[in-house]
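Residues per chain are reported as follows:
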Amino acid sequence: MADVIVRKKIVTVEEIFHEFGPKPAVPQRRAAALAVIHNPFAGRYVADIAPFMDDLKPLGIAMANALIAALGGDAKAVQGYGKGAIVGSAGELEHGALWHVPGGYAMREALGGAKAIVASTKKVGGPGARLDVPITHIDASYVRSHFDAMEVGIADAPRADEILLALVMTTGARVHERVGGLRADDIEGKDGLR
Amino acid sequence: MKADIRKIVTVLEETSRELDRTVTPPVRRAAAIAVIANPFAGRYVEDLSALIDIGEELGALLAERAVAALGIAGDKVESYGKAAAVGENGELEHAAAILHPKLGAPVRKALGKGAALIPSSKKRGGPGVALDIPLGHKDAAFVRSHFDGMEVRIADAPRADEIVVAVAVTDGGRPLPRVGGLAKDQIKARTGSGDKQGRPTFGARIGRAGDRARCARRALSARRTDRFSAAPREPASSRDLRHRNRRKRRRARAHADAVGGPRQAR
Numbered sequence: 036m037a038d039v040i041v042r043k044k045i046v047t048v049e050e051i052f053h054e055f056g057p058k059p060a061v062p063q064r065r066a067a068a069l070a071v072i073h074n075p076f077a078g079r080y081v082a083d084i085a086p087f088m089d090d091l092k093p094l095g096i097a098m099a100n101a102l103i104a105a106l107g108g109d110a111k112a113v114q115g116y117g118k119g120a121i122v123g124s125a126g127e128l129e130h131g132a133l134w135h136v137p138g139g140y141a142m143r144e145a146l147g148g149a150k151a152i153v154a155s156t157k158k159v160g161g162p163g164a165r166l167d168v169p170i171t172h173i174d175a176s177y178v179r180s181h182f183d184a185m186e187v188g189i190a191d192a193p194r195a196d197e198i199l200l201a202l203v204m205t206t207g208a209r210v211h212e213r214v215g216g217l218r219a220d221d222i223e224g225k226d227g228l229r
Numbered sequence: 566m567k568a569d570i571r572k573i574v575t576v577l578e579e580t581s582r583e584l585d586r587t588v589t590p591p592v593r594r595a596a597a598i599a600v601i602a603n604p605f606a607g608r609y610v611e612d613l614s615a616l617i618d619i620g621e622e623l624g625a626l627l628a629e630r631a632v633a634a635l636g637i638a639g640d641k642v643e644s645y646g647k648a649a650a651v652g653e654n655g656e657l658e659h660a661a662a663i664l665h666p667k668l669g670a671p672v673r674k675a676l677g678k679g680a681a682l683i684p685s686s687k688k689r690g691g692p693g694v695a696l697d698i699p700l701g702h703k704d705a706a707f708v709r710s711h712f713d714g715m716e717v718r719i720a721d722a723p724r725a726d727e728i729v730v731a732v733a734v735t736d737g738g739r740p741l742p743r744v745g746g747l748a749k750d751q752i753k754a755r756t757g758s759g760d761k762q763g764r765p766t767f768g769a770r771i772g773r774a775g776d777r778a779r780c781a782r783r784a785l786s787a788r789r790t791d792r793f794s795a796a797p798r799e800p801a802s803s804r805d806l807r808h809r810n811r812r813k814r815r816r817a818r819a820h821a822d823a824v825g826g827p828r829q830a831r
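Heads up: the sequence lines are chains A and B, in that order. Just add 35 to wherever you are in the first sequence, counting from 1, and you've got the working numbering. Just add 565 to wherever you are in the second sequence, counting from 1, and you've got the working numbering.
Check before you lean on any hint, since a few could be wrong.
[Stated by the list, open to error] Which chain A residues face chain B? A few, computed with CB under 8 Å, are given here: (1) 41; (2) 50; (3) 51; (4) 79.
Just so you know, the hints here were simulated from the structure itself, not pulled from any lab data. Just so it is clear, CB atoms sit at the ideal spot from N, CA and C, and this is done for glycine as well.
Make the full structure from the sequences, and use the hints.
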């Protein structure tokens, strides 16, 4: 068991009214929760890192709930999600993979059992590194209108021995979505894909 | 003219550690940022009053959003700042029109007060350009623990014909402040600068002889204790002043000797 030491937390909310086209009745909103934690495995190879996933669970749940609160408090309003991690330069890409389980399951649970896989990305980077966190529909990965991404990053993080963890949620499709594909209304809801 | 707002972004940042130290209580900073159409992009327009009015509208909107993100009452806000980034088809002066004439009053209204100037920065740039919003204490610009900055950016703004406008508020200064200067509990008067006389700046012209002496003493005190010491400033005595004047005369005489002029102190 390693302690999860948080240096900094950020919650960003974006409210999108239009992108030079017709304004939707309800603006689309996207929110990102970021946490900067100490990387307990920085600077050396550690074979057994998996137990740290359990340690990260409370942080994942707190970040998922912070996102729902930032989007107005109603979990039913959330339609898309994604996650990501930036590992500081003294760490390993594999350390970023520790976030898959605690980050993903925290969001699914907070959203009442979302079915689709949580789209994700990760990389090793220095302070100020930007990450384009991919976003897909929470119940069916193939819903084309909800394919989206949100750029996140923090000027002073991650330091070499830190990991920046990110969760993202949205309340709707891209603001002027019009390239067809599977509609959110037509989800079969069996496998999390369609 | 009402602002054509494409997007509003709020950022809430909470710092609970710096290196191996915990920050208690954690410092929180929030920024609200609007992306608006620039009505004057691509051409020179003499009268910028439409942007000045947009500044007033955004001051109220962004201050309200930023304070809401911070989650505290407006009058509990400790420091603030503002900034704007103009897209490539705009003019730096467009940022100035938004930021300076009318944006401040509604911000101060949202905070209940705010005697100190709202520090600001502006630039021209493309989508994703980083804005460093300067921060200063809202009641006394000289509170050194609250000199700070917050970087914000929006990946897809400003486009060429847009302007990004940001207002930031905090519930505290830097995480572990220890470079001295005026502290927030030493603010004597809500004059904007932080001291009883309402000192505008170092080097300002002050009329009365008594004020002049006070000003000189203060400058001496500042010089003597300003070396990264957290100790409160001691007022300089009139003896310090005499010594300073003696040194000044000595320097003047040495200078006169060197250039061959009359030996007279100025």
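Here is what the structure says about each hint:
1. 41: 6 Å, holds
2. 50: 5 Å, holds
3. 51: Holds, because the Cβ-Cβ distance from residue 51 of chain A to chain B comes to roughly 5 Å (cut-off 8 Å).
4. 79: 19 Å, violated
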